[in-house]
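Peer 1: Residue numbers (my numbering), protein chains in the order written: chain L, 1081 to 1386; chain S, 1081 to 1386; chain R, 1081 to 1386; chain G, 1081 to 1386.
Check the hints yourself; a few may be wrong.
[What the hints assert, rightly or not] The calculated DSBU-like cross-link candidates involving lysine-lysine, where the alpha carbons are at most 30 Å apart (straight line), are: (1) Lys1224/G to Lys1224/S; (2) Lys1224/L to Lys1224/R; (3) Lys1133/S to Lys1224/G; (4) Lys1133/R to Lys1224/L; (5) Lys1167/R to Lys1246/R; (6) Lys1224/R to Lys1133/L; (7) Lys1224/S to Lys1133/G.
[Unchecked claim] The following label-pair restraints were derived from C-beta to C-beta distances: (8) Gly1121/R to Trp1160/G: 54 to 60 Å; (9) Ser1288/G to Thr1213/R: 28 to 34 Å; (10) Leu1223/L to Ala1363/S: 25 to 31 Å; (11) Lys1246/G to Glu1101/L: 44 to 50 Å; (12) Asn1168/G to Thr1213/R: 30 to 36 Å; (13) Asp1315/L to Glu1242/S: 55 to 61 Å; (14) Leu1223/R to Thr1214/G: 35 to 41 Å.
Calculated directly from the structure, the hints in this document are not laboratory data. Here the structure is a predicted model, which means the values were calculated and not measured. Using N, Cα and C, we set each Cβ at its ideal position, and we do this for glycine too.
Protein chains: 4
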Amino acid sequence: MAMTGILRPGHTQLRVLDMEESLNHYCENIGLIETDRDDQGRVYLKCWDEQDKFSLVLEPSDRSGMDHMAFKVATEQDLWRYESNVKNFGIETKRIPAGELKGCGERVRFVAPAGHTFDLYAEKEQVGNGLPTTNPAPWPRGLKGMEPIRFDHCLLYGNNFEENFKFFTEALDFQLTEQIVDGETQLAAFLTCSTKAHDVAFIRSEKSGQLHHASFLLSSWEGVLKAGDIISMEDIPLETGPTRHGLTRGQTIYFFDPSGNRNEVFAEDSYVYPDSPVLTWTADNIGQAIFYHSRQLVESFMGVTS
Amino acid sequence: MAMTGILRPGHTQLRVLDMEESLNHYCENIGLIETDRDDQGRVYLKCWDEQDKFSLVLEPSDRSGMDHMAFKVATEQDLWRYESNVKNFGIETKRIPAGELKGCGERVRFVAPAGHTFDLYAEKEQVGNGLPTTNPAPWPRGLKGMEPIRFDHCLLYGNNFEENFKFFTEALDFQLTEQIVDGETQLAAFLTCSTKAHDVAFIRSEKSGQLHHASFLLSSWEGVLKAGDIISMEDIPLETGPTRHGLTRGQTIYFFDPSGNRNEVFAEDSYVYPDSPVLTWTADNIGQAIFYHSRQLVESFMGVTS
Amino acid sequence: MAMTGILRPGHTQLRVLDMEESLNHYCENIGLIETDRDDQGRVYLKCWDEQDKFSLVLEPSDRSGMDHMAFKVATEQDLWRYESNVKNFGIETKRIPAGELKGCGERVRFVAPAGHTFDLYAEKEQVGNGLPTTNPAPWPRGLKGMEPIRFDHCLLYGNNFEENFKFFTEALDFQLTEQIVDGETQLAAFLTCSTKAHDVAFIRSEKSGQLHHASFLLSSWEGVLKAGDIISMEDIPLETGPTRHGLTRGQTIYFFDPSGNRNEVFAEDSYVYPDSPVLTWTADNIGQAIFYHSRQLVESFMGVTS
Amino acid sequence: MAMTGILRPGHTQLRVLDMEESLNHYCENIGLIETDRDDQGRVYLKCWDEQDKFSLVLEPSDRSGMDHMAFKVATEQDLWRYESNVKNFGIETKRIPAGELKGCGERVRFVAPAGHTFDLYAEKEQVGNGLPTTNPAPWPRGLKGMEPIRFDHCLLYGNNFEENFKFFTEALDFQLTEQIVDGETQLAAFLTCSTKAHDVAFIRSEKSGQLHHASFLLSSWEGVLKAGDIISMEDIPLETGPTRHGLTRGQTIYFFDPSGNRNEVFAEDSYVYPDSPVLTWTADNIGQAIFYHSRQLVESFMGVTS
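Please build the complete structure, drawing on both the sequences and the hints.
Peer 2: Dropping the structure here:
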């Protein structure tokens, strides 16, 4: 098959301050589904149309932020190949045993140059998407909230930007799809390991290892309206939207979880192939690049990370 | 990058009886864009969001049907590798020189077991999607008709079904995503070379090398309504729709070009990864598999090909 | 205010064979909300965005069909004025005491020339739409099924077509919005008492007093897709759709309740004023008039009533 | 028929600084259709689905703002009745002869207490909506820009708020649908003469006779996205949106014409009857009342009028 190596963002683990409030946010309001808990107090969630056991892990903590983001690779061989690539790039790796996250196989962990912890893994328990694999309906009844389809990507702020970019594109085989540049300087890089406009994206920052947002896919622009309605009804802090991104053309809305972690839900309007031209947005047009309609950055959008 | 080998359906060449009528159909009503003509009288068309010079070639003929379908591969090496794979499978190949189709590189041609002619190629002139690669708008103004985004896939009827399936999955690395089965017999196979629910699909038939339909992607279900309206306004023969497919969950409408070639325009609602479970539809439920809402096959849908 | 006299279809009372199955259909699948029951075994339902206590009454019976359809008038004076109009037209009226339907004021009942029983009433208990009247959200959480907004209209088959038309337009002040004609003969009349493309519609028939369908409004074409999905998931008999009507431009899907009463859910795409031109559809084009996309009548659509 | 008296906003006449730029804005970008010009240099425009000759008149001027807003009444008798009502309310009227605006009958003109000039008229030439009245398609091909359906309403800022409210509800029979109140003080009144959530709305101001915006109806939320895209592509000053209003639930986007007149395009999600409860928004919640998602007023929204 044509898809090999790193397949997709498999999950992210976010730190949350109050688990009950967080579950209300992620399950009742966004609409993820709880699939398990562990003795560290972590709660495992998935979006309805994901086959794997979880795509979001909430970890009780006294601070917000992202513990790690993990990618699923196609095969065990890919796992060891990328472990070797990472080491050859000069970055230490460590192996996290299977089962440390329930249902997840052995993970190869490393800290990328921009300061974020990433895991790769080849196995995760499949629990299905709530539909049979024989004669399935298009969606299961009883979905909640914004009805997200899948965990889609993270946008991350970090330093060592050039080295991080080199690491992702050379050691991990990601493809640059879109970028923001200021003259010769790349300010943002949107990277895919698939045909999505981004599976992970990085913004140049002086701080290391920051989470800008974790993003979940909706099925349509009408879903973005519904999300905005729920955000207001439930008194969730909105950052901005509904709007469209210039970058990726995504139809989007941004808001915060109760711990201050930023979330996005969006509907996709783009796709890439290895031979797609890189799309470049210029720093003098950064407002339109990010918020296509207003053409103005929201101050918090550039400043607040977790 | 994670996408390698065969990337996508690059184009199909359809035979049409009356070029003027056909261009009115494909350009004014569906909304493809003419990019070139050649001295064989062929006309080259593309959907707006494709980068390559063409994705549909209309060939003047005295009968309808598909001349060939072509896939773009990632690299020249992939081209020779697949040429070798095809030969090793026991199928003859021939090389069509670069430029035989304007803007297209050398092609490797073969007839698959079900009787259809396929080409592989590694190069095609990129003419862009009508938007700059720096600070692009999300879409260009002046789009026409149903505003299709891309040529998406063909559904083909043919014999030697098992061998053809083996050929596509083993020699060409396609992945089975969904199928219709009657007991142990596979009646239909939906195959991807990417993350789409299908890049090509085959239906078991006694006839060899038949085209069921060529399909173009729309951006939303609202686009399917608009397509239905245009079909009626312009007195285009409708087969069925708007409706949803069980298979792939696509939101779809079927109709015929003036030569009797079947077209589909649809909005996608699905995606696959190499580890996605194969979805199986059973023959006793074939109506729902194909037309999810009515759960009844339209007679022509199973019978008419070109 | 500019709206006077007969305001809207206030409710319809349908006969159902099995109340439990019917409630599953109307409440779980379509998504109406039960508001009361009475000692005749009748169950009162409303759509979420209606203020009044009920808009659909299910009556246990051994046959399907419509018991009556009722219109709300603006004032008590209007009620007596229309009672007088009806009598002057030569049709008997009778008064049904307040409370015979729980929460409904006194009704003036009569049988229109086409054989259907209609009630007029000026008062019905308002229970609200589930939202406060101060700082209301745009919709309440917890909606079910197809999430219909309101009971919208009935389409009725009946004889004495000309007299019935004269009665509705002259005695009851309805306005003709659209019609199907065969030469000089009016086959269908769509009638409004408001700015809707129809509040009630009649089809010429040899039978008296038949129900073709009761219709509920959805908020969008995306809702029609969702309705189609639910119809298939829940194994509800579909008649046709999703499609668009030529008449009224409505975006529609038709199906049957467990007793064989036809339902429609639709999204509206039209509006009229008293000075809007009457739109005429010709009998030779009746397929397109009714099902705009296929331009073909479904046989059952013309034949089956309850 | 149930609709009597004042039927709808028939047109507004806006002052524009540069006619060519303005026509590009209103015709190419918003998508109105030019129907005539007169020897005062005024240009007559209509939305596609309006039957009447024009609904927007652009008047060349050296300042922006609204010259007048006009309502169509059902009959000549209504015209004289309202003329009398206005006079009885103590407001002077004057008659503007038929033909002063091309295709428009005699108008009764007056200045309402909040300082805006209004006209009533009973006749306007009908030019149709681009579709035949026999077997019409649901929409005509060749629509441009945002494809607005109709001129829908104006929102006006003015003083003498109480008297103006009394005038509209008592002399002109408008119905209050929604309001913003600060304790006992009404800050905003949304008024209908039909079943729309508003045909005109007033905001309490110290200034007399100001235009806040003229609004055009779109067919769906997807249209609001397309409008936002066009606004950015064409470098039109955006105020805010896409978003939803709390008031009226409208799905909306605001922007400015080249002269500084504010425009709205929106999709409607509400309807009223004479017995609908008045919806009240409290001043402490004014952000959510106006921009439901952000719950924050945009500064310009309250300050800038023309």
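Peer 1: Please go over all the hints and tell whether each is borne out by the structure.
Peer 2: Comparing the hints with the structure gives:
no., hint, in the structure
1, Lys1224/G to Lys1224/S, "11 Å, holds"
2, Lys1224/L to Lys1224/R, "11 Å, holds"
3, Lys1133/S to Lys1224/G, "27 Å, holds"
4, Lys1133/R to Lys1224/L, "27 Å, holds"
5, Lys1167/R to Lys1246/R, "14 Å, holds"
6, Lys1224/R to Lys1133/L, "27 Å, holds"
7, Lys1224/S to Lys1133/G, "27 Å, holds"
8, Gly1121/R to Trp1160/G: 54 to 60 Å, "55 Å, holds"
9, Ser1288/G to Thr1213/R: 28 to 34 Å, "31 Å, holds"
10, Leu1223/L to Ala1363/S: 25 to 31 Å, "30 Å, holds"
11, Lys1246/G to Glu1101/L: 44 to 50 Å, "48 Å, holds"
12, Asn1168/G to Thr1213/R: 30 to 36 Å, "32 Å, holds"
13, Asp1315/L to Glu1242/S: 55 to 61 Å, "59 Å, holds"
14, Leu1223/R to Thr1214/G: 35 to 41 Å, "40 Å, holds"
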